Each structure stands twice: as C-alpha cells, then as structure tokens.
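Peer 1: Here are the chains, one letter per residue:
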Amino acid sequence: MEAQCMNEFYEFLTGPALWAAFIIFIVGIVVRVAYLYGLSRERDLVFYNHVDLKWAFRSIIHWLIPFGSVSLRTQPLFAIAFFLFHVCLLGVPIFLLAHNTLWQEAYGISLPSLPDSLADVLTVLFVISALVLLVRRIVRPEVRILSTAWDYFLLVLTSAPFVTGFLAYHQIGPYKLTLILHILLAEILLIVIPFSKLGHIILFFFSRAFIGFEMGTRRGARTW
Amino acid sequence: MNDALQKPINTKVIKELLDMNNSARIRMWLSICSRCGLCAESCFFYLAKNKDPKLSPAYKFKASLGELYRRKGEVDREFLEKCYGIIWGQCTMCKRCSLFCPFGIDIATMISTMRGICNSQGVVPEGLVKTSENYRVTGNQMGMSTEDFVDTCSWMAEETAEEIRGLEIPMDKQGARIMYTVNAREPMYYPQDIAMAAKIFNVAEEDWTVSSTGWDSTNLAMFAGDKALAGQIVKNMYVKAQELGVQAIAITECGHAYRSARFEGPYMLGMRSGKPPVPVVHSVRLFYEYLRDGRIKIDPDKMLTEPVTYQDPCNVSRNGGLWNEGREIIKYVARDFRDMTPNAVYNHCCGGGGGFIPMGAEFKKRRMESGKIKAEQIKATGAKIVITPCHNCFDQIGDLNKEYNLGIKVIQFKEIITEAMIIPDKFKPVETGDKDAED
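Chains A and B are the protein sequences, given in the same order.
If you're matching positions, the first sequence starts at 1 in our numbering and goes up one per residue.
If you're matching positions, the second sequence starts at 1 in our numbering and goes up one per residue.
Keep in mind that a hint or two might mislead.
In silico lysine-lysine, DSSO-like type, Cα no more than 30 angstroms apart, as pairs [what the hints assert, rightly or not]:
hint, chain 1, residue 1, chain 2, residue 2
1, A, Lys197, B, Lys51
2, A, Lys197, B, Lys54
3, B, Lys302, B, Lys409
4, B, Lys51, B, Lys372
Facing chain A, a subset of chain B residues (Cβ under 10 angstroms, in silico) [to be verified]:
hint, residue
5, Asn21
6, Arg27
7, Trp29
8, Ser31
9, Ile32
10, Cys33
11, Ser34
12, Tyr46
13, Asp52
14, Ser98
15, Tyr267
16, Ser273
17, Gly274
18, Asn319
Okay, the calculated beta carbon distance ranges per label pair [claimed, not checked]:
hint, chain 1, residue 1, chain 2, residue 2, range
19, A, Ala149, B, Asp19, 26 to 32 angstroms
20, A, Val46, B, Arg77, 29 to 35 angstroms
21, A, Pro112, B, Lys331, 40 to 46 angstroms
22, A, Pro112, B, Ala228, 56 to 62 angstroms
23, A, Pro112, B, Asp293, 58 to 64 angstroms
24, B, Lys331, A, His50, 28 to 34 angstroms
25, B, Ala228, A, Ile61, 38 to 44 angstroms
26, A, Leu90, B, Tyr190, 55 to 61 angstroms
Calculated from the structure, these hints are not laboratory results.
None of these values were measured; they are calculated from a predicted model.
Glycine included, every Cβ here is placed at the ideal spot set by N, Cα and C.
I would like the entire structure built from these sequences, with the hints used as guidance.
Peer 2: As structure tokens, then:
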C-alpha cells in the first residue's frame, strides 16, 4: 500500500509536477524580467542613454571569474566557496549522467555527461562550499545581522537536492524516499527561484550591466 | 535635530514618494540583495567604528529604504528619526560599496532616495535646511548677493593685477571659451581662491569668464534630498552658460559640484540625452591640460620637496573619472609623491562628503570618528602635504589634522600651481621701483 502510494507520487513528481516546475521556473523568470524591463522603460528611461556593451560585459565577466574583483580577493575563502557553490550548482544537475539518461528516455535528447565519479566529487565540493557559506553567515557579524530565516531556508533548500541526490545515488538510507525527496525539493527550488532573491540567476546580469556602464561609460571607473 | 520631528508624519506623502521612486532599479536591488555582507569591508564608517555590523552599507539601506518599502510607508516619527541618523550620519554617498557588491547595487542612490523621503517630512539636518533656503533666495549656498559676488571678483582682479600684469576677471563675457563657476564659500571666505584661479587662467591665456548668475556650482540640495531645488540650481548654471554661448562650464576644485553639474544634473532635470546641455569640465582636467600643453610651466626650483600625498575626492575620482589627471598634475609640482592605499577609484571618502561639512556642529563628532580611516591612510604615507581638489575634503582633512595630530598641511592644486608656475615676462608687473635704483 505504502509502496504503491510512493510509486504514484514518484510518477506525479516526474510527470506533471516536473512540467509544472519547469514552466513556472521559466515563465516566472521571463515575466519578472519583462515586468522590470517595462518598468525601467517607464521610470529609468534616462539611464538608457549610456548603455555600453563593452562596459556591461567587463562588469559581468570580472564577477564571474574567480578572484576577478578586488572585493572577492579580500575574502579568499569565501571567494572559493562562492565560486565552487555556483559552478557546481549549475554544472552538476545539467551534466549529471542520471539526469541525461532520463532526458534520453523521455525525449530522446541529452547533453554530454560528467563521469559519475567526477559528479560525486563536485557534489561533495558543493556541499562543503554550502557549509562554508552557512558558517560564514553565522559567524561573521556583518553577515549574521543581515540574515533572515528566509536566507537560511534558501541556502538549505538550494543544498537539499544535492544531499538527497547523493544519498539516493549511493543508496544510503531508504532509496525510494530519498529519491522522492530529491525530486520534490529540486522542484520546489525551481519554483522559488523566480520569486525570490534567487532571481539573481538572471537579474545579476542586468544589475551588473547597469553599474558597469553607469560607472564605466560615464566615468571610466571599473566596478570590480 | 530638526524641530519638524515634533510634527506628525504625513504617510500619504511618503507613500506617493515611495511609488514615484519605485523604479526597476530599486525594485531589483531591494529584491536581489543576497545578504552576503561583502559591502561591509568597503565602508569607512564600518571600518572606523570597530566593524560595527550596523554600519555595513547593506544594513543601512535595509534598515531605512528597505524597511520603508516593506512597511509600505506606514511608519511613525520614531522610524524616520532612526533613519535620520543612518542616512545623514552614516553615509556620505561616496559609492565605494557599489564597487564591492557582487550585484553592483547602487546603495548611494537608495540612501539618496531615502533622504528625499525624509526631506518631505522636514527630517533634514539644520545646516542643510539653511543652505537650501539660501539657494532658493539667492541661487547660492551662502546667500550672497549678486553685487557682493561681482564686487568680490573685481576686488580680487584689482589686487591680483599687481602680481600679474593685465590680469582680468571677466564678468559675463559673451562667447568666452569657458564659464568658470565657483563654490560660494570662495567669494565668501576665501576670495584668494578666485584670485588664484584668475592667475592661472591669465597666464594660460585662457578665454574665460565668470558669470553673475549660476556662478555657484555647488549643489547641497542634491545631498539634502530636495530634487526639485537641486535641479533648479543646475539649471541656473546651464541656462547662463547657454546665454553666454560658452563652449564649456568649468568647475572649481570642488567634488560634488562636478558630480552635480556633469553627472546628476541631467538626470535631475530628466534630460533624455543624459548629458548636460553645455560640456562640463573640472579644474583638475583643465589644469592638467595647461601643464601638459605647456601653457603653464612650473619652475623646478619651486616644486614641492616635502613628501606629498593625494586625497582623491570621491566625486572627482571614483565618481568623476579624473584620478589619473590629478596624479599627472602632481608629477609636475611635487618631487616626492606617496600614494595612499587604497587610492584612485578605490579611495576612501575623507568623511566630509555627502553634505557632512555643511551639516555643521551636530555631526562634527561623528565626522571626526569616521575620519579615522582617512587619518590612518594619510599617516601611513608619511606625507607632510595633502593635496586635494575639493573643498569638503580640504575642510575635513584640516579638521582631521587637528584631531589626529597628523602634522600635515592641506592644499589645493591652485595654491601650488600659482606658487610654482613661471610667470612669463609679458605678465610680469612693471617694476616701479627700478627707476630709483638706476638713479
């Protein structure tokens, strides 16, 4: 009985729920960006006069490469954790063999895959870097004072699919349950992204571009 | 603190302002700040006060504008009182934090927005209320009359003509190349500033003029959060420059005047081009060009030999783009230059910016406390002379000198250039005593 319930739930999560999560994720982001763009054409119009792709690009790229900014160089441990966290967060789910197999089965398409052993190492690195971020949030007074319960929740939510995925892959604990949790948490994460500070996965590029040309085009000043 | 704090708060007006300012930028910034705290280390207020986490830039905008949006403007007097301390007493809008934020969030703009909202409720430092009143009545921050300004200029022209033959301070000269604008403190307290500028322009054979209106390029209304008045102040200057048909507006050695005239002015007036109607050039750039082009020559024997450092005014360097020009001038006038760390784009505010100096005695203690970082930076260079092309930096570092016993002298570029420049023969005064000596 219980097993049947679980199977049904698994079917739901990998079927309609997955679709829903992806649609909400993509539509949510598109709508958020479109809304802000519209608002900016109405209220920030004056700033469009010095848009400059070169400065926008420089402003973005220096914050994507490790130690590319003066700011991150002042906190090396954070900079490393920060970089690993983001690279693994993006790279592992997309290039994981197990995920690609699912894509292949469902749609007949897949991306190149990481060897499982490498994915394992990256997952562990991700969890360690998430822990560094968590500990930093707690021990550094200037970060702690800014942190709300929501910030902690989002950090845990972002890490949870990695932890559960790792456990499921290595069949540690009840396999079916961890797998279900893995999918469920990942879907919740996808849904939360467009509506929270995690929207920075796309808005990062806009805000960096803005400050890049605000300081760069007009003053020749770098912002990294 | 202002008396207006006793009056009830008009939340309707606050809500209107919140809505007006609810731009894509502010919405995005408030929603994506990930509370990473990287901005903290960039702020001299934070560093000077033993890393008090409440002084991190992110905390300051969260506790003021962020909280105001969260509560949808439903706040009381007590809240604005708390914000008063934050937005005026803990931020000079130097924009350094924007360079240290992974998202490049422009926190200064948010603090500035909050200043506007507090201004609407009369929650403004007394010193800035006074200057706003002066601008409104007379067009300049000191409340000086046009006659007084014109008289001061002709008085300075007379005095200086004894040193530079044929020296003039042209007033409202139609079609001059540049219209030179000053900080109203100059004619009021330091008229020799105008005399020094006149010497440089005359020796460089610049085609220049001062103007009888729009002559004060400072804009403290910009820091008081009075956007309408701030726009009017810049407009006065633009209009006058257009009337005179000059090619550029030149700004005296003042930081925020340049930020206002060159960068913020067009935005305050909603100019779609984002550019002032007449190009704006800072003295630092002009002086650099004179030296580079040989229009001003420096007597090597009169160069500064004592160790010199340069205080980058935030609004000339980081927010003005002129950090190289400042250092180039120094190469001409000083033998022993020792840069501060950090410097140029990354330099720390002196602690006197954002209207801090005119905010007066009420803020002096904080100004001295937060200036600790600058005092330490200066001390570390071992310099005996600090050059800074900004009136606020000048005053603040002068105060820091006393507070921290730095044993330094603060000067502006005008001072050292006029002292060290070679006066070509044609400008040398006719020596009246010569005849007696020959006889």
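Peer 1: Now tell me, hint by hint, if it's right for this structure.
Peer 2: Right, here's what the structure says about each hint:
1. A distance of roughly 26 angstroms separates the Cα atoms of Lys197 (chain A) and Lys51 (chain B); the hinted pair therefore holds under the 30 angstroms criterion.
2. For the hint pairing Lys197 (chain A) with Lys54 (chain B), the CA-to-CA distance comes to about 22 angstroms; that is within 30 angstroms, so the pair holds.
3. For the hint linking Lys302 (chain B) to Lys409 (chain B), the alpha-carbon distance of about 17 angstroms falls within 30 angstroms, and the restraint holds.
4. Restraint check for Lys51 (chain B) and Lys372 (chain B): satisfied, since their Cα atoms lie roughly 13 angstroms apart, inside the 30 angstroms limit.
5. Proximity of Asn21 (chain B) to chain A holds as hinted, the smallest CB-CB distance being about 8 angstroms (cut-off 10 angstroms).
6. The criterion of a C-beta within 10 angstroms of any C-beta in chain A is met by Arg27 (chain B), whose closest approach is roughly 7 angstroms, and the hint holds.
7. A cut of 10 angstroms between beta carbons decides the hint on Trp29 (chain B): the least distance to chain A is about 7 angstroms, and the hint holds.
8. Annotation: Ser31 (chain B) was flagged as interfacial toward chain A, and the flag holds, the nearest CB pair being 6 angstroms apart, inside 10 angstroms.
9. Interface hint at Ile32 (chain B): satisfied, since its Cβ lies 4 angstroms from the closest Cβ of chain A, which is below the 10 angstroms cut-off.
10. Below 10 angstroms, beta-carbon pairs count as interface contacts, and Cys33 (chain B) has one with chain A at about 7 angstroms; its hint therefore holds.
11. At a threshold of 10 angstroms, the smallest CB-CB gap from Ser34 (chain B) to chain A is about 5 angstroms, leaving the interface hint in force.
12. Look at Tyr46 (chain B): its Cβ gets to within about 7 angstroms of chain A, closer than 10 angstroms, so that hint holds up.
13. Using the Cβ-Cβ criterion of 10 angstroms, the hint placing Asp52 (chain B) at the interface with chain A is satisfied: the shortest such distance is roughly 9 angstroms.
14. A hinted interface residue such as Ser98 (chain B) counts as satisfied when its beta carbon comes closer than 10 angstroms to some beta carbon of chain A; here the least separation is about 6 angstroms, so the hint holds.
15. The closest approach between the C-beta of Tyr267 (chain B) and any C-beta of chain A is roughly 5 angstroms, which is under the 10 angstroms cut-off, so the hint is satisfied.
16. For Ser273 (chain B), the shortest C-beta to C-beta distance to chain A is roughly 6 angstroms, which falls under 10 angstroms, so the interface hint holds.
17. Contact between Gly274 (chain B) and chain A, as hinted, is supported at the beta carbon level, the nearest pair being about 3 angstroms apart and thus within 10 angstroms.
18. Annotation: interface hint on Asn319 (chain B) holds; nearest CB of chain A at approximately 6 angstroms, less than 10 angstroms.
19. The hint said 26 to 32 angstroms for the Cβ distance between Ala149 (chain A) and Asp19 (chain B), and at roughly 29 angstroms that hint holds.
20. With their beta carbons about 33 angstroms apart, Val46 (chain A) and Arg77 (chain B) fall inside the hinted range of 29 to 35 angstroms.
21. A hinted range of 40 to 46 angstroms for the beta carbons of Pro112 (chain A) and Lys331 (chain B) is inconsistent with their spacing of about 55 angstroms.
22. At about 59 angstroms, the CB distance of Pro112 (chain A) to Ala228 (chain B) agrees with the hint of 56 to 62 angstroms.
23. Judged by the Cβ atoms, the range 58 to 64 angstroms given for Pro112 (chain A) and Asp293 (chain B) holds: they are separated by roughly 60 angstroms.
24. Between Lys331 (chain B) and His50 (chain A) the beta carbon distance is about 31 angstroms. The supplied range of 28 to 34 angstroms therefore holds.
25. Here the CB-CB span from Ala228 (chain B) to Ile61 (chain A) is close to 40 angstroms, well matched to the stated 38 to 44 angstroms.
26. Checking the proposed 55 to 61 angstroms range against Leu90 (chain A) and Tyr190 (chain B) shows it holds: the Cβ atoms sit about 58 angstroms from each other.
This entry does not satisfy hint 21, going by the numbered hints stated previously; all others are met.
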